[in-house]
Amino acid sequence: MSVLPVNSLNRDGKPEVLNGDLRTESDAGDVNDTAHQATDKKEVAGEVEGENEAKQGKDSENGNLSTPGKEMNSDSSDADETVVENGTSCQPADGIEDGKDEKGHKDEADEDKKYNGHDEVEEEDDDDDDEDEEDDEPPTFKYTRLKGLPANFFTNHPVSTATFNEKVFLFGTHTGLIHLALPDMTPLRTFKGHNASVLSLYTDGTYFASGSMDGTIIIGSVVDEKDIVKFDFKRPIHAVVLDKNYLKSKTFVYGGMSEEVTLCSRNWLDQRVDTVLERNKGPIVGINTIDDLIFWMNDSGITFYHIMSRQVVTVIANPSDSFRSDLYWPRVSFPETDRVLIAWGNYIWSLRVSIKGSSNGGNGAGTSIKSRYFPPAPSLSFRATQDKKVEIEHVFKVDYLISGIASFKDDYWIVLAYNQPEKDEETGEYTPAHPDLKLLSSMDGTTKYEEEIGLESGENLGLNDYHLGHYIGNTGNQYFIFSARAGVIAEQVQLSDRLLWYLEHGLFYKAWEMSQHIVLPEKRLGFGVKHLDELVKRNDWESATKWIKSLFNVGTQFLPTGDAKSTLATGTSSVLKEGDMELLAKEVSSQWNMWSTIFMKTGHVEELTLVIPTDPRWNLPKSTYSAILKYWLRKDQSERIYELLNAWELELYDLQEVTSTIEEILEKQPNNDRLRRQLCKLYERSFEPSKAVSHLEKLKDPNIISFLASNHILLAFMADLPKFVMLRFPNRHDFERLPIAEIQKKLEDITKVLVESRHEISPKSILKLMFENSLDIVNYFYLEELLEIDELLVKGFEDDIIRLYSQYNRPKLLPFLTSNHNYQISKAIEICELNALVDELVFLLSQVGENKKALTLILEELEDPQRAIAFAKRQNDQEIWSLVLEHSFSRPLFIKALIESADEKSSAFYNPITILQKMDSDLKIEGLKDSVTVVTRDNDMNVIVNQIIFNIVSKRSQRMSRKVYSDQLRGVEVNVKAAGLTVKFDTFQTIALRKAEGDGITVERLKDDVVKKLYTTLKHKLEHVQKLRGEIS
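Its first residue numbered 113, the sequence shown is counted upward by one per residue in this note's numbering.
No lab work stands behind these hints: they were computed from the structure.
Please note that a few of the clues may not be correct.
Said to hold, decoys possible - The following label-pair restraints were derived from C-beta to C-beta distances:
no.	residue 1	residue 2	range
1	GLU769	SER822	19 to 29 Å
2	ASP989	HIS871	48 to 58 Å
3	SER822	ARG746	25 to 35 Å
4	ILE1064	GLU991	39 to 49 Å
5	GLY588	ASP339	32 to 42 Å
6	SER553	ARG301	34 to 44 Å
7	THR587	GLY317	16 to 26 Å
All values reported here derive from a predicted model rather than from experimental measurement.
Here a beta-carbon is modelled for each residue, glycine too, at the ideal position from N, C-alpha and C.
Input sequences plus hints: build the corresponding full structure.
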């Protein structure tokens, strides 16, 4: 039969016009013939029992599945059952033994070849190879040949279908062979089960079932090859499923060209009973179970049926623009226990199955169909129907035909897309196209990824000849992609696979980036070095610089405190074994050494400067860092050298070499003050501050003394201190003319430095040094600071203080002289005389007994009458007063002062009246009248004050006399017992003595009630006295 394959679909999913003719669905259905005609009829005839049976199998599979089927009654008169004993009815396939053919292992030589990316088992064109090399990302899947099948599968025995269970894999062929294998493809057995194509396979891991184009169904044990049975229903079987409890129930469901969905079970008499669930709605192209529902696909669409309640739960109708139901068979997958994926033609349904109100729902084929579907009669009559619901989550229409579907990770589906043959416009011949493997989003149906699967011998194969199986094994998800003639296993590319792919394609950066947790750090470092090498070869030094910084970067938290060569670790991994750390450290150090040399020799010092590590623990050669610094030193007006010298530790480079270079530059550029100052910093950091002093002096650094003190070399340069002090005064005249306060402010820090260094340089040395260099003012500031800290610090320097006070702070001199006695008075007098300090000299002369000389200074030098009078009062000496008075008689100011200063202390030596009487009457004294008035007023005031004082004293004397008198009259209470007195009598009488006329006295006895009472309190006593007075009067 000549068949034109469908070329493509239009937007409505209909076949497009080829060569001007519109092809019908019936014609298009003949595409399926290509799979079944792929095998040479002579080869098939040699192994299949009967040429006619093989031909019948082909004709039925060609898509012309319109032969009406007969209804199967309860006694199954149209079906023949053959119990297979000892395997006599199902013979092993001819030429198949232990998975080998007559040619042995000839086809096994290249079984280890793998698919990688878009590589196919066959050799690709050069154009394809070039295209692969341009890819910079590895494929999502890796592919390996489907190995482990009998050697003549795919060649003499094209594979028609397969199913994959967690315990066993089943493969069926167009020649009726059935092959059982473990998940690792270890063969269990292969036998001839049917005389035509195996169209359906099912297994629960314990039993398996197969349906064939020849109308037979085989059900057998996976383990026990003798436990097998065969049914002949005379019509092609497209689908069959078993009850999981098949061992007891012997129940299964099947369907096919008879257009019936039939439940086959055993009654209580062990007779087979067939129950038709649906008929006359087109050929059955698929049957599956989920939970306690069974669903099938035919012309009416997808029917979900609940046998326990004998109700159709829902029917999902085929879209109006879908293909004929039996043209392209549906593919079913179960991503979850309550979800179903159905791909049919160019449509995808995502369904969710739920049961409301059920507490013991089944697990699809996992519970007994018979027990679920056929409960006792009373249960059917009185049990409420369970509420079952099938929800359509998504329906997607795609622009290609689907040969298989399964779940993938991250809400994606994996889809095997069938590509129709491509027509050659020149020859009119059709070239088979390879299928595509696609990843679709379950949310919106968009394609995330797709690639072509290269399966050889795709001639005359249709959509139904391609299959996609899913198995979750120990190594992850495996997807079995196979056609009638070839098969591969697709697995998601793992990290190790991606790494290998990157390395093979020279993508070393991506290999480095993704290998952090899958290889040892040292090995990963090698990937990065290869990428660095490529950048350098491309002369991309900018990228190389950035990359080397990332590649060899070390976080300070990983740097050890010990030997850098053996314990350094990079940030590539947070957990490293000690041995790995040592190897990594050595390798990183070696790489830095090598690449720094490369950068230097190629003239990329500036780039190297940006990335070279600055931690000495890397132990890189000092010559490298020295060369970098010398390079920047020779670049004029470069800020970089100062940044590097300030930032880099001295251990990194050869200090002697660098400083010598700077010294040479400064000889040629003596005015380069910035570089000279930087050199001073280097000397200071390297603990060679003495070498910096001469440069600081050239810089005229005013803080040079602080520099010497901070580096503890002040004593070494003590002789130069005066010179360094004067650096604060660029102009010598400023030092001589500035006020003392300003000079003190400028020298304040220097003074504190000298004081703080008094244990290093004694105050005596400082005083001598500054005095000899005419910087006595520094000594003044110095001693003042010491005196403020502690007076004991200046002990022994009192004469110097007097000398300095006499020059720079006379107001403090006299208080110091009066409060201190540790100086030499003779020197002090000499200093005061030298500087004409009369006040201080007066005090000093009085201290040595030279009172007359002191008074003479006051009278003649100072001419201060008040001071002279005060001096005389302090001395309290007649001779002194005589000198004062004698000197005053002829001087009006002195006379006036004597009159006004007259008081008790002076009254013994002179009287103001006497002064007035003795003075020359012609002498005019300004203000004398006022002075006399004051004196007179003071005398009158003295009289008044004396009178007041007399009155006060007199009154107080009177009060005291009265008090004494009253105390004499007051009785004294005596405690007789306490005083140890003896009571002579107990009765007391009070009498009143009255003076009679003349000299006589009258005695009168008072009443007893008045006098015969004892009173102990003052109040009662007073009352008693008052009463007595009343009686007496």
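In ascending order, which of the hints set out earlier in this document are inconsistent with the structure? none
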